[in-house]
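Fit chain to chain and form the complex, with the hints in mind.
Each chain, written out:
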Amino acid sequence: MLKHLKSSVSAVLLGTFVLGSAYAAEVKSIAILTPEEGTDYGWNQQGVDAAKAAAEAAGVEVIIAQGLGYGDVRPTLRELAGDGASLMIAHASGYNTAAPEIAKEMKVPVAIVDTPAGLEKGLVADYTLSGHEGAYLAGRLAAKMSRSGQVGIVVSGEPPSWNSQSAAFAEGVKAENPEVKVTYAVIGPAAYSDAAGGKRVTESLIASGADIIFGQGNGSSFGMLQAVETTKAGDGGKVYFIDVIGDKTPIDKGFLLSSVVWNITPVYSAMIADLKADTFGSHGYSIGLKDDSVKLLKTDAIPAETWTEIMALRDDVISGKIKVEPIYDAAAVRALMTSVSE
Amino acid sequence: MTGLFSEVFLGALLFGAVTAAIPLLLAGLGEQMSEKAGVLNIGIEGMMICGAYCGFVGAFYSGSLWLGFLTGALGGMAVALVMALLCVRLGLNQIVIGIALTLGLEGLTALLHHFQFSRSYPRLPAADATVIPVLSDIPVLGPALFKHHLLVYLAVALVVVMSIIYRRTQLGLNLQAAGDKPAALDVAGVDVMRTRTIAVLTTGGMAGLGGAYLANVGAGLFIPFITNGAGFLGIVLAMLARGRPIWVLFGALLFGICLSLTTAMQVAGINIPTDVIQMLPFLAVMIMLVLFGRRASLPAALGIPYERGAR
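Chains as they are written, first to last, in this note's numbering: chain B, 39 to 380; chain Y, -7 to 303.
Hints are computed from structural coordinates only; laboratory data are not their basis.
Be aware that one or more of the hints could be misleading.
Cβ-to-Cβ under 8 Å is the rule here; a few derived chain Y residues that face chain B [what the hints assert, rightly or not]:
| # | residue |
| --- | --- |
| 1 | 0 |
| 2 | 4 |
| 3 | 98 |
| 4 | 102 |
| 5 | 108 |
| 6 | 110 |
| 7 | 112 |
| 8 | 113 |
| 9 | 115 |
| 10 | 149 |
| 11 | 153 |
| 12 | 213 |
| 13 | 216 |
| 14 | 258 |
| 15 | 265 |
In the DSS-like style, the derived pairs of lysine-lysine whose C-alpha atoms are separated by at most 27 Å in a straight line are [to be verified]:
| # | chain 1 | residue 1 | chain 2 | residue 2 |
| --- | --- | --- | --- | --- |
| 16 | B | 361 | B | 336 |
| 17 | Y | 139 | B | 276 |
| 18 | B | 361 | B | 333 |
| 19 | B | 359 | B | 336 |
| 20 | B | 270 | Y | 139 |
| 21 | B | 291 | B | 333 |
Which bits of chain B does chain Y cover? Going by a derived footprint, with three or more residues having C-beta under 8 Å, they are [claimed, not checked]:
| # | segment |
| --- | --- |
| 22 | 70 to 81 |
| 23 | 215 to 223 |
| 24 | 242 to 253 |
| 25 | 331 to 338 |
| 26 | 363 to 375 |
Built from N, CA and C at the ideal position, the CB exists for glycine as well.
Bound conformation, chain Y alone (with noise of 0.2 Å):
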């Protein structure tokens, strides 16, 4: 060891620990939400690119965050329409069109990246914390906790809602037989395609909520391919957590810890290869949620296109 884990440096390892799961948390509890009713959204990778460069468009130019969080929303919305339209309502396969609108999006973003911005890179300043008071002063946890923008807070907040969504109201009902047994629902009276569409907008909304906070807030800026994959970890974490908003949670919070514990270990000089440094935050959330989440399970109709009188 190195003596150089002071107070300050551990604080900061565990902040970004904190702002690397937040984008992992919103994409994973849509894609939670999708898989609840059914449709396995495999273009989350696409929403969140789109809000990416949506958010930071939208807080470029007018110079809010949360203006920038809310193109991002919208623009995650606009693609999971398309994905409404062609999986929901015209029922084609949901992982051929999921993988074509991601591949689509990383290079629509791409290539508007290219005009707009290939020559002056531009940067967001810092985004604001919100201090929380009392909490904030407590020695390394104080700062790395509580001193993050207010999204973060709201972001947290969202798997309490999202719980009670699921557990107590009609809505999370709707969502639970769409995704385990459609036909019943239809035969309720509830329209299972609207339910449907509901889910995997609002899933459009929160990926690209998540891609915006990656860009404006995680990285300051937007360049092609910025999501590095992470749409395909939320999609991880919604499967291994399996209904249960609270393990999205703690697999987002576990991945960043563990990232941020990869730097760690690498400062300390422990010369041991990064490739096993870095399989550690995979490794990792496999092992809890597979063994803590196992007794949850999967949609029946998951990934299945519902069709009326359909045998």
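This is chain B alone, in the form it adopts within the complex (with noise of 0.2 Å):
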């Protein structure tokens, strides 16, 4: 009986392995899901554009769902899992208890954002990104550059990577001048498409005195931009704005200063190497300043001088000069804010 149980287990690790190296053997296509259009010129766009030159490189087909909004998408990841993804990305905070349930329902493996440590080994893997290394160069830049002495940061939730750029922004700031002022404020708890919100909150942060805003926010970014483009500083010039992930420059209307760009598409690649290497769901990813994953984008708004100063800070972070730590925290990153604008 005992002789019989052992071979039965045995047998069932076996082919547990087996499948495993199956599943780890072939990736025939990968799939993104996204809330928005893949033409945000940020965050959806930015994931769209990475899946895609990821499966190219690889040489597997990528399927795109896009513009699913933040509702449930379980019908959405069984559809594509039943089409045979051998891979799912669920781009979205707000889809990462969703994305590990259909995971295990449908044994597809899916990558999620926001859950470092939700990790399975074969079927779930987190890629919280941040670019606070970047978002440190904006904090410099922007406190460089201000004129009133006072800059803001907008953000339509306080999800970890983004919480890691506003604090890292922050730092960046009090490091480049101690005595500019840095606001804060959160549009709403998931308030991503909100662009009206986005608008009224960036009004009244310029109306404090702010002349520089960063803004995090997905559509309600959109809001921001419309903000700072029809809003006077108080000095009567302009405001500038600071993007996050993607790079608005096709619609920009003069008030862009720059964008702290990310790169996704080594972070999807290396997912793919790691679900043929049967190492999926094993850690976490990473962008970065060193393999300009992570860009600050340079725009006729900032001054030549500025610039090469910039660049020199960006050359210390790499070196490990200057170290930016990230602050993933909702709470240790208000409390940052609290410190700086006292």
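Below is the structure:
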């Protein structure tokens, strides 16, 4: 009896290993799910573009499911799994409950965000990314260029990625000039598409004295952009906007100062490689200045000598001379803002 | 405190509160009329987003905000027409149809936006303000309350108009009867279906107008899902206000003020969880309306399709 039991257990373990290896070896297609259209010059577009680029580089098919909103994506995940996706990238923090559930149900690996503790080998990987190094440089840039001595941060939520960038931005401002005040406001708990809220809150921060706005907000960032375009600073001059993740230069009307641009392609390529090597779900992923997966956007609004100084600071961050540690916790971010604004 | 609370900043906070309140006011007043007539209009979010899209398209291509408001109202009414047909005329489930309309319109407007604007993201110029002489010179309150787009004043005036309609006109009585005792209204020779259809179409127009204001003035642009649940907040306001337009106004303004208060608290650097701060508007509105609006009641036949002769 015991012998039979041992044999059965061995068979199950062997079967699991073989099946796992089969999953590991075969990556035929990847799918990405985004809450908004992949044309937002931001989070969604960078995700979709990166998935396309990574799939092309790996020679696999890519399935794009975009504009899904922030509701329940379980039916879409099941459909994509049924269509044969080898990896489903759930590109929204709002999907990080549904995606692991469907991964277990359909036995298809998923990648989620903002859940570093949610790793499950072979099944669930997390790619909580942070452009904090770039945000630090953006903070240095903002402090150099602010006329009023006050800059604002507007966010449409407090996911870990944005928290780390908000914190790094404030640290950059403080490092450049401790006298510059940083004001911070969240539009809402998950106001990613609240463009009117983005405009309203940004206008309030401008009225409080900020002349540079660091905005993180998916669709709501267009409201922030609208606010800087239609509201004058306290001195009657322009208010500038620093964006994150994407490059809004094509739609800029002269108010975009810079952007902390992310390139997610290396992350998705690494996921495909991990699937093939059977290491998927065993570790997280990161981006940074070193490999240019995080870059600060150069625009005409930045004077040449200021840009040169910023690039020198970039080299210092890469070399480790300047340490920028990510701060993911929202309470720690707010505490930092408090100390900065005092 | 940081010394950031200048007159300009406080004025901007109050201005923002009013701007945020107007779409809720219009949606809430619209929903209130539907509910008075016995139709639970869950599709108001869909009417708002359709109004936002149509309103933005109208304003963007014509260059006129007023034409945008008109197209927005018509867009909301077009959705309401479907609601009236399915729920009032055919007697289908109002909640199911309302949800279906909302989801459908969110998807449709996102799709249309994708084809039209997703590469250009056009923005409208700042809306012209109508300045009320003398009053606009009052410190803080003046710029915040008396330098808005004309539609803001009209929306507030609409509260008075609705109150008069409900209290002093035959139409108001008909609406009330259609919601409370539709069979009695029918016996009195008034067409219940017609009365309810008028109410639903008016709701659509007002919700569409609210959506158009949100897109054209509140945001200055249209993006998918821009209403962000404003229609559902309108339903909450209407339900809690229980038939009284003035309480919809108070609720909407309180909500807007609390939104601005949350911004003020954050700018002040008060380190408490943002989720707690963001609960404030919802809590405040619920507490106020439950405390002060509880005497009135909801219509007896709310949500029940009317069928002549049915028991």
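Restraint outcome when residue 0 (chain Y) is required to lie within 8 Å of chain B by C-beta distance: Status holds, d = 5 Å.
Supplied contact hint for residue 110 (chain Y), tested at 8 Å Cβ to chain B: Holds - the Cβ of residue 110 (chain Y) comes within 8 Å of chain B, reaching about 4 Å at its closest.
Should the interface hint for residue 265 (chain Y) be scored as holding, given a Cβ-Cβ cut-off of 8 Å against chain B? Hint holds; residue 265 (chain Y) Cβ to chain B Cβ min 7 Å, cut 8 Å.
Sort out whether residue 139 (chain Y) lies within 27 Å of residue 270 (chain B), counting only the CA atoms. holds (16 Å)
Under 8 Å is the threshold here; is the Cβ of residue 113 (chain Y) close enough to any Cβ of chain B for the hint to stand? holds (5 Å)
Closer than 8 Å between Cβ atoms is the bar; does residue 149 (chain Y) clear it against chain B? Give me holds or violated. With Cβ-Cβ at 22 Å, over 8 Å, it is violated.
Residue hint residue 115 (chain Y), partner chain B, criterion CB-CB below 8 Å: This interface hint holds because 5 Å falls under the 8 Å limit.
Under 8 Å is the threshold here; is the Cβ of residue 108 (chain Y) close enough to any Cβ of chain B for the hint to stand? violated (11 Å)
Hint residue 102 (chain Y) vs chain B: min CB-CB distance below 8 Å? holds (5 Å)
Check, residue by residue, whether the segment 70 to 81 of chain B contains three or more positions whose beta-carbon lies closer than 8 Å to a beta-carbon of chain Y, and give the verdict. Since three or more residues must qualify, the claim that chain Y covers the segment 70 to 81 of chain B holds, with 5 doing so at under 8 Å.
Checking one constraint from the list: CA of residue 361 (chain B) to CA of residue 333 (chain B), max 27 Å. Satisfied? holds (17 Å)
Holds or violated: residue 359 (chain B) with residue 336 (chain B), Cα cutoff 27 Å? Satisfied, since the Cα-Cα distance of roughly 23 Å is no more than 27 Å.
Against the hints set out earlier in the document, violations occur for numbers 5, 10, 11 and 25.
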